[in-house]
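Participant: Sequence:
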Amino acid sequence: MRTRMWRRWLNLFALVSLLVGIVGSSVQAATTAARPELILSGASDLKVGTSSELSLTVANVPAETQVAITLPAGLETDVTALNQLNNANSDQFSAQLDATNLLITTYDAIPLKLAIPITAVTAGSYQLQARAGTLQSKLQVIATTESSGSAATSETEDSSSSVVVDQPSTSTQSTPDLSSSLESATAARASTAISLKADQSNGTSDFQTSFYYGGDFTLSGTVKDGLTEKLTFVLVAVSVSGNGPALKDRTLGTVNVTAEVSQNWKYVVPDSYLPDYSDSMVGTVYKFRLEARRSTNTDSGNASFNLAYIKGMIGITAPSLINFGEDLNVKETSAITYMGKIPTGDKSLAVEDTRVFPSGVKINGWQLTATLTKQMTGETTGTVLTDSLHYLNNGADSTLSSAAVTVASLATATPGKTTNISSKWDTKTGLAFKPKPGQPKVEKYAGTVTWTLQETLPNK
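Using our numbering, the first residue of the sequence shown is number 202, and each one after it goes up by one.
Note that these hints are calculated values from the structure, not bench results.
Careful: at least some of the hints might be erroneous.
DMTMM-like, lysine to aspartate or glutamate: derived pairs with alpha carbons at most 20 Å apart [as the list claims (entries may be wrong)]: (1) Lys512 / Asp480; (2) Lys625 / Asp547; (3) Lys339 / Glu277; (4) Lys512 / Asp477; (5) Lys488 / Asp472; (6) Lys532 / Asp588; (7) Lys618 / Asp554.
What follows is a list of derived Cβ distance ranges for each label pair [as the list claims (entries may be wrong)]: (8) Thr649 / Leu428: 15 to 23 Å; (9) Ser473 / Ser396: 24 to 32 Å; (10) Thr419 / Thr281: 26 to 34 Å.
Yeah, the Cβ is synthetic: ideal placement off N, Cα and C, and Gly gets one too.
Turn these sequences into a full structure, and let the hints guide you.
Facilitator: Here it is as structure tokens:
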């Protein structure tokens, strides 16, 4: 690869052939292991007002490497156009603009080659520089107006796009170990990295698919930062398949984080942001990237997942009333457990799954939980029987509270099946009333339990 690159530079830039030859021979003599590469190349002669494309090549660097490309005043780039040009690699990088830099963050330790659109606003001679740790690459470009003709003179022969190292100008006979230099720089940056986790995701390299049936979409998770600062959460979407229209980036809100403290976050993405659910949208898949951006607008933490429009629904039915009896002994001196019963004609507690999935799609599982919304309270005196509502699961006793208690779950759902939960209730499983001896008074008591159904990530 380096021999072909050396020959191309020799043909185009005769004056830099000596430097390239020295670097190439040094690498071959020192080691055969792959070394980091950062190459900025492309059009060196621009026309004012006309968009051209530069090329950025990044290879043999760790994941989460950030490349900063300086943009001198007079040159502009368009991040949206950049993402469109490189759509096939959109799960491998992200791009943002700050005041003077285009920031590219890689997410996989694999070679990456990006096309970067660039437009000259005014004529002039510009030098672009790309940096990643101790790696840097420079490119000289000349921008001219259409009427003045080409300004490519002997200056363009000095243009170079090569891997160089921060080194004294008097030393050109050896090349330091770029691998160890880059690893050190990356380790230093990692101390202030942001760890972002979304419940819909299992990290940046392992996409999970959430299923959309219409309505609002809730995102939640945790974030941990190496710094005390304010982070802006931005949702970036790319259409992967189907008939879905392009979606604009959406700012969800900000989170004030404390250094090295894990914090929970939660945002509701309104249904107005997503295309309406319809038969024509079934099968459409969006790739979402949730970014935690610092004040410099840099993406320093992210989580990714897919969102697919699926035909059918998954939901629950629940009884409106569960009885524990109407003639209980309030003078009982020992603890007694009363199991709840659903009146005849009322709905069962069940999970209904009518979904239809395309072939090959991983199917999420589900989990049904119970939380206590209101303690058992006397309708006349207002007496509260604290911690008297429980859920038994084959004899395992859980006291209901504001914390969710698992009632039933499936690791992988069975589309088209209704799972009746309450049909299995007996003396060891179901909703239970366990008042403390001597606590109840002669009156009617009522409480409220909320049942919640959640999809869970599929088995890998």
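Participant: Would you mind confirming whether the straight-line C-alpha gap from Lys512 to Asp477 stays at or under 20 Å?
Facilitator: 13 Å, holds
Participant: For the pair we were handed, Lys488 and Asp472, check the Cα-Cα distance against 20 Å.
Facilitator: It holds: about 17 Å lies between the C-alpha atoms, which stays within 20 Å.
Participant: Take a quick look at whether Lys339 and Glu277 sit within 20 Å of each other, Cα to Cα.
Facilitator: 17 Å, holds
Participant: Please work out if Lys532 and Asp588 have their alpha carbons no farther apart than 20 Å.
Facilitator: It holds: about 19 Å lies between the C-alpha atoms, which stays within 20 Å.
Participant: So does Thr649 sit 15 to 23 Å from Leu428, Cβ to Cβ?
Facilitator: 43 Å Cβ-Cβ, so the 15 to 23 Å window is violated.
Participant: If I claimed the Cβ atoms of Ser473 and Ser396 lie 24 to 32 Å apart, would that claim hold in this structure?
Facilitator: 31 Å, holds
Participant: Determine whether the Cβ-Cβ distance between Thr419 and Thr281 falls within the hinted range of 26 to 34 Å.
Facilitator: The hint (26 to 34 Å, Cβ to Cβ) holds, given that Thr419 and Thr281 are roughly 27 Å apart.
Participant: Does Lys618 pair with Asp554 here, judged by a C-alpha cut-off of 20 Å?
Facilitator: 5 Å, holds
Participant: Given the hint that Lys512 pairs with Asp480, test it: the Cα-Cα distance must not exceed 20 Å.
Facilitator: 8 Å, holds
Participant: If you draw a straight line from the CA of Lys625 to the CA of Asp547, is it 20 Å or shorter?
Facilitator: Between Lys625 and Asp547 the Cα gap is close to 16 Å, so the pair holds against 20 Å.
This entry does not satisfy hint 8, going by the numbered hints stated previously; all others are met.
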